[in-house]
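Chemist: Respectively, the protein sequence lines represent chains D and F.
Per my numbering, the first sequence runs over residues 1 to 226.
Per my numbering, the second sequence runs over residues 227 to 452.
Each hint should be verified, as a subset may be incorrect.
Claimed, not checked - Facing chain D, according to a computed beta carbon distance under 8 Å, are these residues of chain F, among others: (1) F257; (2) L284; (3) L287; (4) P399; (5) P403; (6) L406; (7) L430.
Said to hold, decoys possible - Here are some chain F residues the structure puts well away from chain D; computed CB gaps all over 12 Å: (8) L238; (9) P272; (10) S279; (11) D306; (12) G312; (13) L315; (14) I348; (15) F379; (16) L421; (17) E447.
In short, the hints are calculated from the structure, not lab data.
Remember, predicted model here, so these are calculated numbers, not experimental data.
Virtual Cβ for every residue (Gly too), placed ideally from N, Cα, C.
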Amino acid sequence: MSYRPVVRALGWLALLALLAGLGMAFGYAPREAVQGNVQRIMYVHVPAVLTAYLAFGLVLIGSIGYLASARMGWDRLAAAAAELGVLFTGITIASGSIWGRPTWGTWWTWDARLTSTAILFLVYVGYLLLRAMVEEPERRGRFAAVVGIVGAANIPIVHFSVKWWRALHQPSTILGPEPSPIAAPIALALLANWVAFTLLFAYFLARRVEIARLEDAALQGAVRAR
Amino acid sequence: MSGYARRVGIVLWKDLLVERRTKESLNALLFFGLLLLFLFQFSLGPDRAQVESVLPGLLWLGFVLAGLLGLGRSFLAERDNDCWEGLLLTPGDKSAIYLGKLASNLVLMTVVEALVLGLFVIFFDIDIRRALPGLFIVVALGTFGLATVGTLFAAMTANVRAREVLFPVLLLPVQVPVLLATVSATQVALAGQPLADARAWLQLLAAADLVYLVIGVLTFEFVLEA
Chain D
1 MSYRPVVRAL GWLALLALLA GLGMAFGYAP REAVQGNVQR IMYVHVPAVL
51 TAYLAFGLVL IGSIGYLASA RMGWDRLAAA AAELGVLFTG ITIASGSIWG
101 RPTWGTWWTW DARLTSTAIL FLVYVGYLLL RAMVEEPERR GRFAAVVGIV
151 GAANIPIVHF SVKWWRALHQ PSTILGPEPS PIAAPIALAL LANWVAFTLL
201 FAYFLARRVE IARLEDAALQ GAVRAR
Chain F
227 MSGYARRVGI VLWKDLLVER RTKESLNALL FFGLLLLFLF QFSLGPDRAQ
277 VESVLPGLLW LGFVLAGLLG LGRSFLAERD NDCWEGLLLT PGDKSAIYLG
327 KLASNLVLMT VVEALVLGLF VIFFDIDIRR ALPGLFIVVA LGTFGLATVG
377 TLFAAMTANV RAREVLFPVL LLPVQVPVLL ATVSATQVAL AGQPLADARA
427 WLQLLAAADL VYLVIGVLTF EFVLEA
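Next comes chain F alone, as it looks inside the complex (with noise of 0.2 Å):
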């Protein structure tokens, strides 16, 4: 066991380590995020109110949207320089390279949840202080989910034909019952209610975690033999 959580984070590490050295999925997203919050307000008009009421859609849509471009990204370095090939060279059960790939994947997604939810705050005039606790496990849930089955359809596409429309349109309607339940709990804790109200929805996104990370353990082998 102690083989698999080295081999787990030697993924893990392999990519942080690309990553802070490159820095070419983070500053693009970062990017990405603070042109998605303008062109929610070009698209919205000047109307405060309006704004207020749609605010934790557009904030899932943005996290959803950058997290579609991360996700999508992040086995697209393995086809280089036979990387590939390595991956599926390293001995042991290949669930722990798509653990460390998740655990990766969670770490971005993470920091770039935190500086679009960051701009949010500035840009949209909004106070998260008190929501900020219930806000956090919310999005922690949520971003899991997504990261979950976004990691096993990244693997899975990187190496088909019209990748790029392809990964969208499988996760995407999967990630509806996130995406819904994200959304509502997001709208309880931004009107400071305590977080016992959406109690429903955080069970249905713990519950659908635990199938999707259950499913992508057992079914990975798969889809990364090319």
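Here chain D stands alone, though its shape is the one from the complex (with noise of 0.2 Å):
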């Protein structure tokens, strides 16, 4: 089976995905006892956070893998990667103020894990920056990628300081240690729209390596023309 048929089925599968999800967001999972409607924000503001990181860990990967090896296929990733990680963090700030503004009063505060999503936006933001400025593909690969690798080892580093800096977000209910005190069907709910989201990020990321690509190869026949 070639590329592109297999990329087009993914994008169906990530449309089919995400109204199952919305629908099993709106229909299924039963309304919050305390917050109301309003809690079904989560269904998008959760899989947007996972699937940010899931992209800055590939943007790892990509920087590394650029590094190591040189070939351009890394770099189209990671790049990729950082694009869809910044729009992914944005869907997430963006969706939790406006999760914030009834529930904790505020459009915006520092807390902990806000300050750090802002932190990590404002990294990979720089990090698209600096590649819209070195024309020169190699050298951008090579410089972006050292961005992307301090970048990915500091999400610990600032996990921590903004961490003890201040706390008002409640932990994280998935990832702690202790088993899940969610509800079933609101858990399935939010099952379903991660997995929605982490396939629709899985064809956005293949349709725009696949530009990168070819974009790559139009330039270098270009200038072989020339």
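Take the two lone chains and join them into the complex the hints point to.
Modeler: Next up, the structure:
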């Protein structure tokens, strides 16, 4: 099977999964007792942040791969993942703001996890800015890879520093050490949306990498024709 | 190994010699530091209590801003007279150049910070005699963290478009943990408390310094090739 039909199938699969996730978030999952319907933002908020972390993990892998092998494929993976990571971090912050306004009474607060997410956002926006400033692909790949590695290694340091600095956000219920206290239907709807977001991410990533590959090929063709 | 240490020493000696003869960075940075103190005072107003509560933050803002200017300049001299090619032609591991540059940056920043601190004591009328040993440790760890990433990114951005903007945009988000840790630890030190109260922050700083140093040593060769 070739590349294109697989990607296309992935796209349709992501769309179906998103629709199913949306249906579960509104139809299947019960209304949360304390917060009411507002709580349903969680079905976007949590999958978005998990996807963003997945993306930044791929930036790290792509960066190390590029520095180790100097193959452009790794660089295209890192670049595509960074763009998507910034996008999903943006969705996380925006949805969190909308959720925070009715529940915490404020759009933004300097709580630990809000702050560390915002810092993460800034680091990878810087990464994208750097890419925009360097034209030569090989050099751009090397520089971006170094920033990608520094940024990823910094994530745990940011996490602890900001945690000690301030804490208001509810602790993570899914990734915590104790068994999750979430009701089963809510957890299931969340799982469905997480799978849907991951599929969507995979589709976007495949498409973005393909576009970058075509761009590079076209650039090389233009150079050769000259 | 002795050859490696010698190469580190040569880069350090070269940079210090250039700085001693031109005094380009040092004079400008000292004046800049003094200017910052005045600006802080003007923007905060004459209320003594208000200024006192934000002193640790102001001190580190001063260090970071002066550091941004100083570190950002550290590779600019290499662009003239084919010095960059000279660095590239240096035999052996390129990380020796990184360590040499890091050492010279540390010397420069330490001198600037010592004088800014002295001006702080005079202009804001604070008694730091008891805080001095603790402050010394905090400043040493914080400066090291700032300089490790700063030296790496300075080499990277030296030949990039919009360098003046890109360098701080890349460096500052990464340095947030260092800033949080140093400001908190400085608060403890200035309040005359034992430094053990800030142990967690100092451990975090030390860990961050180590991570940054290892990444800098491992990736420097990739940013040096222009």
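Chemist: If a hint holds in the structure, say so; if it doesn't, say that too.
Modeler: Hint by hint, here is what the structure shows:
no.	hint	verdict
1	F257	29 Å, violated
2	L284	18 Å, violated
3	L287	16 Å, violated
4	P399	4 Å, holds
5	P403	4 Å, holds
6	L406	5 Å, holds
7	L430	6 Å, holds
8	L238	23 Å, holds
9	P272	28 Å, holds
10	S279	16 Å, holds
11	D306	20 Å, holds
12	G312	19 Å, holds
13	L315	19 Å, holds
14	I348	30 Å, holds
15	F379	8 Å, violated
16	L421	16 Å, holds
17	E447	9 Å, violated
Going through the hint list in order, the structure does not satisfy hints 1, 2, 3, 15 and 17.
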